[in-house]
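With these hints in hand, go ahead and build the complete structure from the sequences.
Residue numbers (numbering that gives the first Met the number 0), protein chains in the order written: chain A, 0 to 357; chain B, 0 to 800.
Watch out, some of these pointers could steer you wrong.
Derived list of chain B stretches under chain A, where covered just means 3 residues or more per stretch with a C-beta under 8 Å from a C-beta of chain A [to be verified]:
id, region
1, 340 to 351
2, 581 to 595
Short, incomplete list of chain A residues facing chain B, as computed with Cβ under 8 Å [what the hints assert, rightly or not]:
id, residue
3, P99
4, P101
5, G103
6, I105
7, Y158
8, R196
9, H223
10, E257
11, P258
12, H291
13, I324
14, L335
Derived DMTMM-like pairs: lysine to aspartate or glutamate, alpha-carbon spacing no greater than 20 Å straight-line [as the list claims (entries may be wrong)]:
id, chain 1, residue 1, chain 2, residue 2
15, B, K18, A, D280
16, B, K23, A, E283
17, A, K293, A, E243
18, B, K656, B, E726
19, B, K18, A, D303
20, B, K60, B, E129
21, B, K473, A, E232
22, B, K495, A, E128
23, A, K220, B, E483
24, A, K293, B, D456
25, B, K616, A, E100
26, B, K495, A, E117
27, A, K293, B, D420
28, B, K23, A, E279
29, B, K105, B, D67
30, B, K187, B, E436
31, B, K495, A, D121
32, B, K8, B, D158
33, A, K296, B, D113
34, B, K18, A, E279
35, B, K473, A, D263
36, A, K162, B, E531
37, B, K473, A, E243
38, B, K23, A, D280
39, A, K162, B, D580
40, B, K758, B, E726
What the hints contain is simulated information worked out from the structure, not anything from laboratory work. It should be emphasised that the depicted structure is a prediction, and the values quoted were computed from it without experimental measurement. All C-beta atoms, glycine included, are put in the ideal place defined by N, C-alpha and C.
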Amino acid sequence: MQDIAEIERELMASVSAAVDLDGLEAARVAALGKKGRLSGMMRGLGQMDPDQRKQVAPALNQLKDTLSEAIEARRAELRRAELEARLAEERVDVSLPVRPEPEGRIHPISQVMDEIAEIFADMGFAIAEGPDIEDDFHNFTALNIPEEHPARQMMDTFYLNEKEDGSRMVLRTHTSPVQIRTMESKKPPHRIVIPGRTFRSDSDQTHTPMFHQVEGLVIDKTTHMGHLKGTLEAFARAFFELDEVRMRFRPSHFPFTEPSAEVDIGCAFDKGQIRIGEGEDWLEILGCGMVHPKVLKAVGLDPDEWQGFAWGMGIDRIAMLKYGIPDLRAFFESDLRWLHHYGFVPLYVPTLGGGLSR
Amino acid sequence: MKFTLSWLKEHLETDAGLKAVVDKLTDVGLEVEEVIDRAADLAPFTVAHVVSAEQHPNADKLRVCIVDTGTERVQVVCGAPNARTGMKGVFAPSGTTIPGTGLHLKPTKIRGIDSNGMLCSEREMGLSDEHDGIIDLPADAEVGEPFAALLGLDDPVIDVAITPNRQDCLGVHGIARDLAAAGLGTLKPLDVKPVPGEFDSPIGVDLDFPADRTGDCPMFTGRLIRGVKNGPSPKWLQDKLLAIGLRPISTLVDITNYVTYDLNRPLHVFDADKLKGNLRLHPGNKGESLLALDGKEYPLDPEICAISDDSGPVSLGGIMGGETTGCTEETVNVFVEAALFDPVRTAASGRRLNILSDARYRFERGVDPSFVVAGMEAATRLIMDLCGGTPSNMVVSGKEPDWQRTVTLRPHRVAQLTGIDVPEPEMVRILGDLGFEAKANGGDYRVAVPPWRTDVDGEADLIEDISRIYGFDKLPTATLPRAEAVARPTLTPMQKRVRTARRALAGRGMMEAVTWSFLPRAQARLFGGGAEQLMLANPISSDLDTMRPSILPNLIAAAGRNMDRGFANVALFEVGPQYADDSPSGQAIVAAGIRRGDTAGRHWAAGGRAVDAFDAKADALATLGACGAPVKSLQVQPGAADWYHPGRSGALQLGPKNVLAWFGDVHPAVLDAMDVKGPLVAFELFLANIPSPKGRATTTRPPLDISDLQAVERDFAFVVDADTSAEQLIRAARGADKTLIAGVEVFDVYEGDRIGAGKKSIAISVRLEPREKTLTDAEIDAIGQKVVAQVAKATGGELRN
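Structural data, given as structure tokens:
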């Protein structure tokens, strides 16, 4: 029988000599496999006398352990080398552009409507809506705008074709008919904002035949014009995200409110840009007033018992002001570049807690 | 409404300057639209004395002038034929810019002679088109003074927007009254002394109306003035009219315009020698027409309040006079009219005839019914002052209508409605200054309304006047009481759906558009609309004449526009209204979208492909799901509305009637008609049709029921009739074991040579999720057989070999 030490040398050499995992496996089988050299020697132990066995067996077991460890070590080494070789091979040009993922956008009008709703929800206003195609009563008469009144002519109303009975529907010229519909269908008190499409037959640089308005209505027994002022100031600060916004109430006239006011907001006109919250200039942003007693009567409310305020403003316009969007007409042209540039990432949901814009 | 500062001060005793006046106008609700300070631009240009004007040595038409500017003597080369020694002219020094031409002046040499500055023509000063010579100022003009003052141009023009309720401020006197009430000065009283007539007017006036039309003209006064001398009006009058943008015509006509703007009293002057017989006011006769002062012929009708003489119509009452009976420079006998006309009829007639006139503008808003005679006296005096003549006694037909009314003011209501604490004496003072008369009556006031305030008929009007004059700057800032410490949610389920749909679709990579509610009728017709009932009677253009029956045509057109700009791949959506009829219920909120072109475009790693119906279906399902629709219960029916490809579209519905969505390829004929190239797929989601969840909403989720046991997948391929829907097959397979079968996926669909005609193969993968113990092969086989049996029963399909 060969000297165990020599066998160990030979087998260890065969492990070290393996240059790849296949070679190592062959060496392992040759040594430790069923028909391997060491296995054969282990089988040989049975024929030995006990004394000799006592001497040889531990040595063989020792050798088997040593060899197994060496094989594992070599295997790890070869694996590492193989991985290194593979990594050396594998390369991508990381500067290549990624696969296209279309980016959707929310239109500024929708975003601003959500911002407005968020602010007024906090002040306890629900959102009311109504039809774009209105009848004469809701759009005019109930709002104290009689036939032939100059105010009616000033509205540039779109009419639908006359019906057989001579009546004709209109495209609502303001969101105010929803005030009437709300007060007709629900009992006071009311605290609502009304956003929506409005229409006037006007088209130039700063007017489009369709635009968006939002208006507010509060009806209860105690709300006065000071509340109107406080509400609008709070809104302006929240909406424009400023600590202070200067506001000026100018007496004006609307058939459906009395007293009526137009509201200017302090700003700076600077190189064609308007900056809210700065400067010494004034910019008109909305109309408002105390709901006219005739309007209250038109919906069956007693003006000596119920009172409140209403205001209305252009959504497109305040969107332009807040976000510096120059051209109203582009809002409705659906140019992908415009939508991408001025639109909002859908995850930017306006909240009061997180801030309306980002 | 325009006026100048000095004109205002003819009615208002005040030391206030321009800024104070402008600020106060704004404060009381007379919105200042513009202040035109004509002197500002002309400030650098001064009166200069031409000390000498000599012939230019090198040019026949030029003169070399030595000009005394008051501070120095300069040499100016001048081309004007009227430049002469001793004259006074307007001098523009070097360094200034000529307003009329934009020329910036620098010292220069003209034909070899030094020239410093310029003597200017009216055109160069931007005053008129006159350019025949330089401005020739009067000899007593003071050298070195700004010349604008000399021409009365240092009187700034103020343009205010008068709201429809403030007809009383369509005259300068009314504006002065408001300012005086607001503390800016004292209103000067009007001189309305009657001018005695010297004879009876040979021209009579007959109000010839049926009983129901007497309101057309409640009162008409006339007066003949004989022997007037008409001609250009004096400079002060011309200056006033020019300042407010009116063209001086002749003294008589200029007087009518002046009284209109000064006292808000429209007038008309007839050339009495051109009138035949008496004047008669009456409903217009159909068939007659009038050549009006604007040179246009207007047809009459019975709705018009006409003024005729024996020859026929001579004036449109309250709107415009006739050309043939109007005054000219030759007029010597003038018949002056001051009358009242019905606001509604004047407005309606004026609009129908499309005549905008200063008279119509005032009568339709309502003029002071008590000021007819006084207005006539004011006009008479002016005519006699400026044109001479002998006045007749006044002819008065009809009578001053009863305008007296009183309104009760409960003083506490002022603070109750406005939040402003106005002391009661101040309320009375303000009302008094505005012309009201407030008499204490118990705790209230009986307030007599002045005749010029035709708008005032209730307490709210008085509260408005008191608060605006007292000052809106005194409005308190009050906070609405909070109903809840933490605000409650306010959105309705539908409002939430609209919001969710928007963000879901944008999250899927689509751009939100907002497009017109109207579109061309031809496009409406392609999408099932275009009814007469939904057409605009007065569209802004024929491209926008019909209410949209669907959002899609607008989106498809938008895709076309973007393609024209080189963007072939378009994904657009809009959540908005569409209109089935003109009733409130005919309007539905729809989330509609289109995808056009390729899913990815050209890219080194992403294999793009043409969009197809399943992209639209995916958009529809994802969005419906986000909006809370029971997506698992939706049935898919082949085919959608007519504007979809009949074989490549479908409807998502709950039951046979409730359609929640359409999706699919847009019909090629529709794309052709709109001239937009496909591939283009679309969807329309009818958000209102999503059923509301039944019962009380709970935030508690059902318990999660899952098992850790290994899931098993088994594949089956079935041969079915070609018209069998995949959905039928999937439902059948799922139904084979509702507990264990967790999912069924279609992983292959084949139609072709390898299976028979009229057949197709659908391959599915069935996922089994064991619940309590691992499934044995026998159990799995048994479920497999049930799947095969269920599919066979439901579709007649057989396992493919």
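What are the numbers of the hints that this structure violates, sorted from low to high?
13, 17, 19, 27 and 33
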